[in-house]
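Asker: Chain by chain, the residues run as shown.
There are 2 protein chains.
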Amino acid sequence: MTKVAIQGIEGSFHAEAVSKFFPEREIELLMCDSFEKVTNQVGAGKADFGVLAIENSIAGSILPNYNLIDTGDFEIYDEVYLNIQMYLMALESESIIDIFEVHSHPVALLQCRDYLKRFPPQFKVIEGKDTASEAKRIRENNLKGVAAIAGKQVAEMYHLKILDSHIQDIKENQTRFVLFGMKGSNLNSKTTNKATIKFVLGSEVGSLSEALQVLADHKINLTKIQSLPIVGRPWKYAFFVDVIFKKPDDFFDAMDALQDKVKELKLVGTYTSNKENVPSKLTNVISNGE
Amino acid sequence: MTKVAIQGIEGSFHAEAVSKFFPEREIELLMCDSFEKVTNQVGAGKADFGVLAIENSIAGSILPNYNLIDTGDFEIYDEVYLNIQMYLMALESESIIDIFEVHSHPVALLQCRDYLKRFPPQFKVIEGKDTASEAKRIRENNLKGVAAIAGKQVAEMYHLKILDSHIQDIKENQTRFVLFGMKGSNLNSKTTNKATIKFVLGSEVGSLSEALQVLADHKINLTKIQSLPIVGRPWKYAFFVDVIFKKPDDFFDAMDALQDKVKELKLVGTYTSNKENVPSKLTNVISNGE
Numbered sequence: 364m365t366k367v368a369i370q371g372i373e374g375s376f377h378a379e380a381v382s383k384f385f386p387e388r389e390i391e392l393l394m395c396d397s398f399e400k401v402t403n404q405v406g407a408g409k410a411d412f413g414v415l416a417i418e419n420s421i422a423g424s425i426l427p428n429y430n431l432i433d434t435g436d437f438e439i440y441d442e443v444y445l446n447i448q449m450y451l452m453a454l455e456s457e458s459i460i461d462i463f464e465v466h467s468h469p470v471a472l473l474q475c476r477d478y479l480k481r482f483p484p485q486f487k488v489i490e491g492k493d494t495a496s497e498a499k500r501i502r503e504n505n506l507k508g509v510a511a512i513a514g515k516q517v518a519e520m521y522h523l524k525i526l527d528s529h530i531q532d533i534k535e536n537q538t539r540f541v542l543f544g545m546k547g548s549n550l551n552s553k554t555t556n557k558a559t560i561k562f563v564l565g566s567e568v569g570s571l572s573e574a575l576q577v578l579a580d581h582k583i584n585l586t587k588i589q590s591l592p593i594v595g596r597p598w599k600y601a602f603f604v605d606v607i608f609k610k611p612d613d614f615f616d617a618m619d620a621l622q623d624k625v626k627e628l629k630l631v632g633t634y635t636s637n638k639e640n641v642p643s644k645l646t647n648v649i650s651n652g653e
Numbered sequence: 364m365t366k367v368a369i370q371g372i373e374g375s376f377h378a379e380a381v382s383k384f385f386p387e388r389e390i391e392l393l394m395c396d397s398f399e400k401v402t403n404q405v406g407a408g409k410a411d412f413g414v415l416a417i418e419n420s421i422a423g424s425i426l427p428n429y430n431l432i433d434t435g436d437f438e439i440y441d442e443v444y445l446n447i448q449m450y451l452m453a454l455e456s457e458s459i460i461d462i463f464e465v466h467s468h469p470v471a472l473l474q475c476r477d478y479l480k481r482f483p484p485q486f487k488v489i490e491g492k493d494t495a496s497e498a499k500r501i502r503e504n505n506l507k508g509v510a511a512i513a514g515k516q517v518a519e520m521y522h523l524k525i526l527d528s529h530i531q532d533i534k535e536n537q538t539r540f541v542l543f544g545m546k547g548s549n550l551n552s553k554t555t556n557k558a559t560i561k562f563v564l565g566s567e568v569g570s571l572s573e574a575l576q577v578l579a580d581h582k583i584n585l586t587k588i589q590s591l592p593i594v595g596r597p598w599k600y601a602f603f604v605d606v607i608f609k610k611p612d613d614f615f616d617a618m619d620a621l622q623d624k625v626k627e628l629k630l631v632g633t634y635t636s637n638k639e640n641v642p643s644k645l646t647n648v649i650s651n652g653e
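Going down the list, the sequences are from chains W and Z. Under the numbering used here, the residue at position 16 of the first sequence is numbered 379, and the numbers go up by one with no gaps. Under the numbering used here, the residue at position 252 of the second sequence is numbered 615, and the numbers go up by one with no gaps.
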């Protein structure tokens, strides 16, 4: 069975992302309590793939996860997007006026900050490990007066009652997840239209605009750029860039040309822009291989 | 007395940053338990200034704090850099073999991850509010067997014994802090050599390289660039760029030229590159004003 490492447990947003990548396959989830452990599982060969949230439509890039993918020398194979809607949930017996404390992952709490301000001052907001684990704990320990904030699927999975819906402060809230694995096992590259690359530049004025001009000359459109520190070289940066293109050949030509303009160049992954959440084509690859 | 809002309490890294900005002044610290509350205090006029960590030499930009400064429409006045070294501390009576749990801010725990792995499996790592508060709590509640991870100054302030030093995984660990306030009160702009700007581009291929070329043409050197989401427009980005330059006039000329190339342009602040932690010149301004 294909093993996929995620942060969180069944019902978590990461588990939901896995079901978008592999909707028709039985998958063994390797549930980890940190993003670093997810990459460790893949690096050690214990998981075939890992899934990581890489950016959010409100908060932006999750830079530490870029770092984990880069330092582990993994390859990005695919992406999906989840619409993240937050729900307040508790035991069947409870109604909203019974609740005196709420537990969730710090990021989920942050996304519901304005909502949580409406509760009286003695109301406690407590940071937990992840969204689904807090919900599970309420069910297993039969915790009265306690609510969790999590996705709708969590309420179903742990038989909790939804007390309030869409409680995050910004209603439109999407997260992009990537599927990654060991470098070199990707068979997608001929049909891709998106890529993540990393490069390091010299310190000359204009070196970045020159590098980006190479991409523009090859009709490669930049969608996102991040400076990330180079570990051990304080205040020196590598650039991580997401690009989209029409023809894979244009992209590979651009990479060849870019090689001459930068000090280091790394292809982190080529994949298909996938806001429609088309299942990963790696499913076929895996099926054939088994 | 000048009021400065920070996240954390006395002894925290943010409090130390304040003492670098204003070493010879009596400052009233407005201690907040979140970065958002820091910006709220400044926005409401309850604090003259706020101090926020904006990037770290290992983890990179703290993107949510860029967002807070941008959405509050604040101006960056100055920067300082702290060398962040982590220490394990406990009550005088304790030695390292007595410790069965450690508390600290999640980011501090993250920075000491490899170190903490050396402890036996039953050893508990617990996320707390901030580094200094956890240390203070050990002292006030006389907690035996419990250690905090924090800066050296915290051990001195709360009379704790240092059990181990420089325990963060990457020894060279610096954080950049900015001093910000309401827009328009900065008198520094004639002597600056650094700036943070924000711009939004059209979706044409090459629009970013064109914008950056304008900077290069004016001898403006880009040191850092981040894409940040535009709230309410999923997967559309604004670019935040840090630049350094020799002549302020070059920079202001570049801004004029850039105005024609971008859809929106905002000057977040001009200030002086300050790895030497020269005190803020705003001290003089405040002295005169009082």
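Where hints are given, some of them may not hold.
Note: identical chains are not told apart, hence a pair may lie in one copy or across any two.
As the list claims (entries may be wrong) - Simulated pairs of lysine-lysine, DSS-like, Cα-Cα distance not exceeding 30 Å:
1. K409 x K487
2. K507 x K557
3. K626 x K561
4. K400 x K480
5. K546 x K561
These are calculated hints, taken from the structure and not from any lab test. All values derive from a computational prediction rather than experimental measurement.
Asker: Mind listing which of the numbered hints don't hold for this structure, in increasing order?
Answerer: Of the numbered hints, just 2 does not hold.
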